[in-house]
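Asks: Please model the complete structure; the sequences and the hints are all you need to start from.
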Amino acid sequence: AQSVAQPEDQVNVAEGNPLTVKCTYSVSGNPYLFWYVQYPNRGLQFLLKYITGDNLVKGSYGFEAEFNKSQTSFHLKKPSALVSDSALYFCAVRVNQAGTALIFGKGTTLSVSS
Amino acid sequence: GAGVSQSPSNKVTEKGKDVELRCDPISGHTALYWYRQSLGQGLEFLIYFQGNSAPDKSGLPSDRFSAERTGGSVSTLTIQRTQQEDSAVYLCASSLGGTERGYTFGSGTRLTVV
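Protein chains in written order, with the numbering used here: chain A, 1 to 114; chain B, 1 to 114.
Do not take every clue at face value.
DSS-like cross-link-like pairs, simulated, lysine-lysine; straight-line CA separation at most 25 Å [what the hints assert, rightly or not]:
id: 1; chain 1: A; residue 1: Lys69; chain 2: B; residue 2: Lys57
id: 2; chain 1: B; residue 1: Lys57; chain 2: B; residue 2: Lys15
id: 3; chain 1: A; residue 1: Lys22; chain 2: A; residue 2: Lys49
id: 4; chain 1: A; residue 1: Lys106; chain 2: B; residue 2: Lys17
id: 5; chain 1: A; residue 1: Lys58; chain 2: A; residue 2: Lys77
id: 6; chain 1: A; residue 1: Lys106; chain 2: A; residue 2: Lys58
By construction, these hints were calculated from the structure, which means they are not laboratory data.
Replies: See below:
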């Protein structure tokens, strides 16, 4: 069965510092990987995805993520955090298979202090 | 409309009552998904509709939960004989037909069972 894990419930960083939000996955085939963000009192928004190709994927708001097949990870990164990045972040996975919905992790709360 | 619309935004119901939650996807989106977001549980997949295919109901937690999608557009999630553990935010998302395109989420319905 496919699954995705976000090992940290919360990540705290100071504004201007780099940030990493971790995600690992478990699938039996080639994964499709996604990151979504949920700002307070708003719906989830798509950030970026990895389907195939370059392992480093760039997305919205200056975020990027690196697909690492050997470590089965897809960590979200940003070189310089902003206070406005504070939100709940979800990693999601789907096996390259038609008719399958995304499986989401439990989410990681990112708190950026000024 | 421009986005995924869900109604009501908030619903308080008494234990044992039935509730209906509505989702109006983006026009032209063939895929529609229901998820449940509970504190500490992340996003839990419930059901997935894709075009005229039989829905994937594998995530429905019990036979008290059902969903339908009429005319390939609006979807209704019904919870019968609600229980307190059903309290959560119910999120609907739609996409152009594949998860690789990314989902567009609605703002959700916050259900409280008292």
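Asks: Next, verify each hint and record whether it holds.
Replies: Hints versus structure:
1. A:Lys69 with B:Lys57: Since the Cα atoms of A:Lys69 and B:Lys57 sit roughly 30 Å apart, the hinted pair is violated (cutoff 25 Å).
2. B:Lys57 with B:Lys15: Satisfied, since the Cα-Cα distance of roughly 24 Å is no more than 25 Å.
3. A:Lys22 with A:Lys49: Given that 25 Å is the threshold and the Cα spacing comes to 15 Å, the pair holds.
4. A:Lys106 with B:Lys17: Outside the cut-off at roughly 29 Å; violated.
5. A:Lys58 with A:Lys77: Judged against 25 Å, a Cα distance of about 10 Å means the pair holds.
6. A:Lys106 with A:Lys58: holds, 23 Å
Checked against the numbered hints listed earlier, the structure breaks hints 1 and 4; every other hint is satisfied.
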